[in-house]
Amino acid sequence: MYQIIAPTLFLNKICRLPGIGTLVMVPHSAETDFVISQIKSPVETIDFIVEDNDEKGFNEFSAISELLQKNLDENGSFLLKGIGTFTKNMMGEIRFLPIPADPMFTFSVTAERVVRPVSSHTLLVGDQQTTNVEMREYFNEKQPSKDRWWVWAIALAAAGIAVLAVYLYQHGVGAFGNVAY
Numbered sequence: 001m002y003q004i005i006a007p008t009l010f011l012n013k014i015c016r017l018p019g020i021g022t023l024v025m026v027p028h029s030a031e032t033d034f035v036i037s038q039i040k041s042p043v044e045t046i047d048f049i050v051e052d053n054d055e056k057g058f059n060e061f062s063a064i065s066e067l068l069q070k071n072l073d074e075n076g077s078f079l080l081k082g083i084g085t086f087t088k089n090m091m092g093e094i095r096f097l098p099i100p101a102d103p104m105f106t107f108s109v110t111a112e113r114v115v116r117p118v119s120s121h122t123l124l125v126g127d128q129q130t131t132n133v134e135m136r137e138y139f140n141e142k143q144p145s146k147d148r149w150w151v152w153a154i155a156l157a158a159a160g161i162a163v164l165a166v167y168l169y170q171h172g173v174g175a176f177g178n179v180a181y
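Each residue of the sequence shown is one higher than the one before, counting from 1 in our numbering.
These are computed hints drawn from the structure, not numbers from a lab. Watch out, some of these pointers could steer you wrong.
Said to hold, decoys possible - List of simulated lysine-lysine pairs, BS3-like, C-alpha gap at most 27 Å:
#, residue 1, residue 2
1, K13, K81
2, K40, K13
3, K70, K13
To be verified - The calculated label-pair distances, taken between Cβ atoms and stated as ranges, are:
#, residue 1, residue 2, range
4, Y138, T106, 42 to 48 Å
5, K146, G126, 23 to 29 Å
6, E31, E93, 28 to 34 Å
7, F10, P103, 15 to 21 Å
8, E137, R113, 18 to 24 Å
9, E134, S37, 26 to 32 Å
10, V35, G126, 24 to 30 Å
Note that the Cβ used here is the ideal one computed from N, Cα and C, for glycine as well.
Start from the sequences and build out the full structure, keeping to the hints where you can.
Structure follows, in structure tokens:
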């Protein structure tokens, strides 16, 4: 059975087994893992879609489907090497457990980020597209002078203290006692 079902499934990405269901190859795209600087390879998984209706169609797998159904009725499970295991529970429901792809064939690759400060490339900043050169110039522009209000406050305080010192020098400390309330 494996010699017939597996090539059809892997080449056509679908294999309909009349009276049982349909095996479908589902592609999953590559995943990027920035934390460990790796790109995981794309993989395909096998999904099983149970046939809901009772009418049995006919195709090149009809005889194999009947043999598979007979094995499920007698043993309760059937292993298709390299594809997965069909099982049948007490209620007559057929389940499929796919065999995961061998990690040897789906290895991850290292993906180091390369930054070339000399070359120009486009960036998306907010909703505007710009280049890294323009952004470098923007950030290297002379920043506006910082607010120096505290310099003026110290100067005014020093002037006030100087005026007070001159007043006290000319009139003495006792001059504050003559003020009427």
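Now the hints, each set against the structure:
1. K13 to K81: Answer holds: K13 to K81 is near 17 Å, not above 27 Å.
2. K40 to K13: 22 Å, holds
3. K70 to K13: 25 Å, holds
4. Y138 to T106: 42 to 48 Å: 43 Å, holds
5. K146 to G126: 23 to 29 Å: About 26 Å separates the Cβ atoms of K146 and G126, which means 23 to 29 Å holds.
6. E31 to E93: 28 to 34 Å: The hint (28 to 34 Å, Cβ to Cβ) holds, given that E31 and E93 are roughly 32 Å apart.
7. F10 to P103: 15 to 21 Å: 18 Å, holds
8. E137 to R113: 18 to 24 Å: Between E137 and R113, where Cβ atoms are some 23 Å apart, the hint holds.
9. E134 to S37: 26 to 32 Å: Given range 26 to 32 Å: holds, Cβ gap about 28 Å.
10. V35 to G126: 24 to 30 Å: 26 Å, holds
Consistency note: the structure conflicts with none of the earlier hints.
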